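Chains as they are written, first to last, in the numbering used here: chain A, 10 to 504; chain B, 10 to 504.
There's no promise every hint is true.
Repeated chains share a single entry, so a pair holds when one copy, or any two copies, can fit it.
As the list claims (entries may be wrong) - Okay, derived cross-link-like pairs now, SDA-like style, lysine to any residue, Cα gap no bigger than 25 Å in a straight line: (1) Lys122 <-> Ile331; (2) Lys421 <-> Asp398; (3) Lys305 <-> Trp158; (4) Lys264 <-> Gln190; (5) Lys492 <-> Asn33; (6) Lys66 <-> Ala88; (7) Lys225 <-> Phe358; (8) Lys149 <-> Tyr49.
Calculated directly from the structure, the hints in this document are not laboratory data.
Just so you know, these numbers come straight off a predicted model, no measurement behind them.
2 protein chains.
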Amino acid sequence: MSKGLPKREENYSEWYNQIIKKSNIAEISPVRGCMILKPYGYAIWENTKSILDKMFKDTGHENAYFPIFIPKSYFSKEAAHVEGFAKECAIVTHYRLRNQKNGKGVEVDPDSKLEEELIVRPTSETIIWDSYKRWIQSYKDLPLLINQWANVVRWEMRTRMFLRTTEILWQEGHTAHATKQEAIEETEKMLEVYANFLENYMAVPVIKGIKTENEKFAGAERTYTLETLTLDKRALQACTSHFLGTNFAKAFDVKFANKEGKLEYVWGTSWGCTTRFIGSMIMTHSDDNGLVLPPKLAPIKVVLIPIFKKEEEKQAILDRLIKIKDTLKAKGISVKLDDREYVRPGWKFSEYELKGVPIRLTLGPRDLEKNTIEIFRRDACSKKFVEIDKLNELIPNLLDEIQNNLYNKALKFRDNNIREVDSYDDFKKTLKKERGYILAHWDGTKETELKIKEETKATIRCIPNPENIENNIGNGKCIYSNKPSKGKVLFAEAY
Amino acid sequence: MSKGLPKREENYSEWYNQIIKKSNIAEISPVRGCMILKPYGYAIWENTKSILDKMFKDTGHENAYFPIFIPKSYFSKEAAHVEGFAKECAIVTHYRLRNQKNGKGVEVDPDSKLEEELIVRPTSETIIWDSYKRWIQSYKDLPLLINQWANVVRWEMRTRMFLRTTEILWQEGHTAHATKQEAIEETEKMLEVYANFLENYMAVPVIKGIKTENEKFAGAERTYTLETLTLDKRALQACTSHFLGTNFAKAFDVKFANKEGKLEYVWGTSWGCTTRFIGSMIMTHSDDNGLVLPPKLAPIKVVLIPIFKKEEEKQAILDRLIKIKDTLKAKGISVKLDDREYVRPGWKFSEYELKGVPIRLTLGPRDLEKNTIEIFRRDACSKKFVEIDKLNELIPNLLDEIQNNLYNKALKFRDNNIREVDSYDDFKKTLKKERGYILAHWDGTKETELKIKEETKATIRCIPNPENIENNIGNGKCIYSNKPSKGKVLFAEAY
Chain A
10 MSKGLPKREE NYSEWYNQII KKSNIAEISP VRGCMILKPY GYAIWENTKS ILDKMFKDTG
70 HENAYFPIFI PKSYFSKEAA HVEGFAKECA IVTHYRLRNQ KNGKGVEVDP DSKLEEELIV
130 RPTSETIIWD SYKRWIQSYK DLPLLINQWA NVVRWEMRTR MFLRTTEILW QEGHTAHATK
190 QEAIEETEKM LEVYANFLEN YMAVPVIKGI KTENEKFAGA ERTYTLETLT LDKRALQACT
250 SHFLGTNFAK AFDVKFANKE GKLEYVWGTS WGCTTRFIGS MIMTHSDDNG LVLPPKLAPI
310 KVVLIPIFKK EEEKQAILDR LIKIKDTLKA KGISVKLDDR EYVRPGWKFS EYELKGVPIR
370 LTLGPRDLEK NTIEIFRRDA CSKKFVEIDK LNELIPNLLD EIQNNLYNKA LKFRDNNIRE
430 VDSYDDFKKT LKKERGYILA HWDGTKETEL KIKEETKATI RCIPNPENIE NNIGNGKCIY
490 SNKPSKGKVL FAEAY
Chain B
10 MSKGLPKREE NYSEWYNQII KKSNIAEISP VRGCMILKPY GYAIWENTKS ILDKMFKDTG
70 HENAYFPIFI PKSYFSKEAA HVEGFAKECA IVTHYRLRNQ KNGKGVEVDP DSKLEEELIV
130 RPTSETIIWD SYKRWIQSYK DLPLLINQWA NVVRWEMRTR MFLRTTEILW QEGHTAHATK
190 QEAIEETEKM LEVYANFLEN YMAVPVIKGI KTENEKFAGA ERTYTLETLT LDKRALQACT
250 SHFLGTNFAK AFDVKFANKE GKLEYVWGTS WGCTTRFIGS MIMTHSDDNG LVLPPKLAPI
310 KVVLIPIFKK EEEKQAILDR LIKIKDTLKA KGISVKLDDR EYVRPGWKFS EYELKGVPIR
370 LTLGPRDLEK NTIEIFRRDA CSKKFVEIDK LNELIPNLLD EIQNNLYNKA LKFRDNNIRE
430 VDSYDDFKKT LKKERGYILA HWDGTKETEL KIKEETKATI RCIPNPENIE NNIGNGKCIY
490 SNKPSKGKVL FAEAY
């Protein structure tokens, strides 16, 4: 198998697209901006979902499902939401097709125009808070901790697989609380859940912080974010968690009777993550040979490949590999034995390297004689021979080692790419030369934020230590305006 | 808690709606024909999905995900599909909202009209076979066994929760095979998977058969169906499995090179089931006190309710219940201890009866002294006292017993409501007096089928033994036309 991958250094964007295509995880669909998640890619999403779903349930959340359509008028109910939220969305205006008179196909029946257009949900705050008005009467109904696994649609102009697509698979948590304090704690707790997942399962290091007023979610009081760094040293916002204050409660008139029987507005949060997590993972670990999957997310953790020339060698080798497969499976490790005979071993090697399978075991006639097996680890692209009898112990440890190694490597890369600067000149030079994250003082105004973006393409990814700013720790001068700054913020060119 | 349920005999339709509403499994949404699956109902769907998903994977299928939108032109590619399939669907014509000039909300931006309208998928054969053309080149790529968990939209004029809604949560399997025989075997195998699930998990007896030419899926060669009977003695089609022949392969030009290198069209199947399964389950087991859930699908299998008057009794009772809860949980049984103090026990009894929780355990001060506990089974609405120490053994057995009892009761009811008639007069009388299923001879023509439907509302639910008809077993005369019939078919008034 000729990998035919472009080198990462030469054409990062094409390298990314080709990895996705050639590893068979996804492909571009004929529908503008939508991708098809192929079985291998969907299996990664299934692993992601099942781990996160358990985390959500362990923190007291329940799943529910709300309609895919939202009446147009709902979007106008929360002022900041309608103003700030992307208006690019899919709009359903008719509900019937009819046969064309020329018999050549179907056309929209003009008589089926809807009285009120329906929007394919870009996010579900409005329809969910409309329900919460019916569901919440008293403090006994709170907290209400709901999550939804769903698809949403945003009509993005420029799309990139996993990072920005028209249709997105995601989950959205929407919670309601009796107090501000509890809602803020929920927002922060869910950010921790995401950080735990990204760092300990996807092996992707994150920077926690809050968004500026300009970058926060339309309708939120405060948006928390996790920022990751890609191999081409751009920031990628992995996910966000929003403290909504009482904004949606007021827009949808959701009040509860407190213990004294007095009516109060409900405090809200929302938080979500998407298949972008997979994009972030790809952009953190992959190399010129293809995907590199962290063992905890890999649909196949170990692949077994037989090598034989003569027919009489075949059965003994396959028998031994089946035994190995069964013992590893019994340990709960997902193993694949690739015994296809119309594909040469070398081709298989390339294929599973492309697919990022963490460990490859190869068994040939001579190995069998010596009771050894060749073990290849995808993260280091290194191989050695080990005794077959030791595999049982060795494989689980090696999977852990690979998982840790990927995280540590990514962490080192990320940390090496956070730079502090004290002047706008240095800022621009560093950005041009090194890209990566830049910590710098900012005067806190939208004006400066937009000017810097306009002049350098860098945006404020987050305020990493908002408590420092609140407590007036780390004062300084804005690199752009020279005005007083309450603390450094994190800039980067972002995806 | 006043249940306030209408009696089933008096107003079946309202009884059904109120059960769904009051048991908190779902509610009508503000979006026409769409329902909201509340956490308790979604948990039933999660159980359904996880059991079925395992069955699909155990039979070699993989999950994938295709776009929610289908370009309008795709629907015209398979002639029968466009002709026969419901044209009532949600049509996306625009992709942008803009602020109204009067500042009062948003409106559709006329400049954002799409060149080709997109249809929110009512089913995905077209977009999936379009992909299969790229995915299938050789016999080595076959069989291709793909399933998708997704939402689909059909613009139904009359909707009923779980049975017929505008948006539907479902799964759709789409497989491709090298031979006709293999595709037919797949179609039948998946029907068996559904039957296994319905009978052994949902405790809903099914009748297997094939649909008439008139009732089959648009684009299929043959549609297999599972028919169930509701408590008001109507037929409810639970799900279908379609042998597609080479229809979609031809429409999308999907060929494979066989072992001799010759190009052949691929054989296809598709099969799906929806949240209607839950509707079928409700309409099979519920009673005037509410839902009755089969233990294997119940989100809560056992509920524990403490009874105490004095504060000093409380802790001892709760401690004992927590112990019981922990031992049952350790056995993998989902248990809920309802220790809410602002709700009286009698209210809780009603609530969990409404919710169909299979077993209720109630512990009061006197029970604690005697080391006994009251055990209530929802299926029989009967209670007795048992020794607490025996619960560990008793509960798993009782759950099995309830599961079996529900199935056997439903089976008896169903079997008592299949009647054979030999004349159209008897047919009409039986239908009027008894409703239920009627087995009768039919001449095999669409004309007769439609006439009977027009005159009696009864449709042919299925041909239960197509092999008899093929083999000319059971000849007779059509009850309507007196023309020769090759075998009896199953009629009923259907949902």
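For each hint, the structure was consulted:
1. Taking the shortest alpha-carbon separations for Lys122 and Ile331, neither the intra-copy value of 61 Å nor the inter-copy value of 57 Å comes in at or below 25 Å.
2. Neither within a single protomer nor between protomers do Lys421 and Asp398 lie at most 25 Å apart by alpha-carbon distance, with minima of 35 Å and 57 Å respectively.
3. With identical chains, the CA atoms of Lys305 and Trp158 are at most 25 Å apart both within one copy (21 Å) and between copies (23 Å).
4. When the C-alpha separation of Lys264 and Gln190 is checked against a cutoff of 25 Å, the pair qualifies only within one copy, where the shortest distance is 17 Å, while the shortest distance between copies is 62 Å.
5. When the C-alpha separation of Lys492 and Asn33 is checked against a cutoff of 25 Å, the pair qualifies neither within a copy, at 52 Å, nor between copies, at 57 Å.
6. Taking CA atoms no more than 25 Å apart as the test, Lys66 paired with Ala88 passes in neither setting, with 32 Å inside one copy and 47 Å between copies.
7. Proximity of Lys225 and Phe358 under a CA criterion of 25 Å is satisfied in neither setting, with 45 Å inside one chain copy and 46 Å between copies.
8. Proximity of Lys149 to Tyr49 under the C-alpha cut-off of 25 Å is restricted to the inter-copy arrangement: shortest distance 17 Å between copies versus 44 Å within a copy.
Consistency note: the structure conflicts with the earlier hints numbered 1, 2, 5, 6 and 7.
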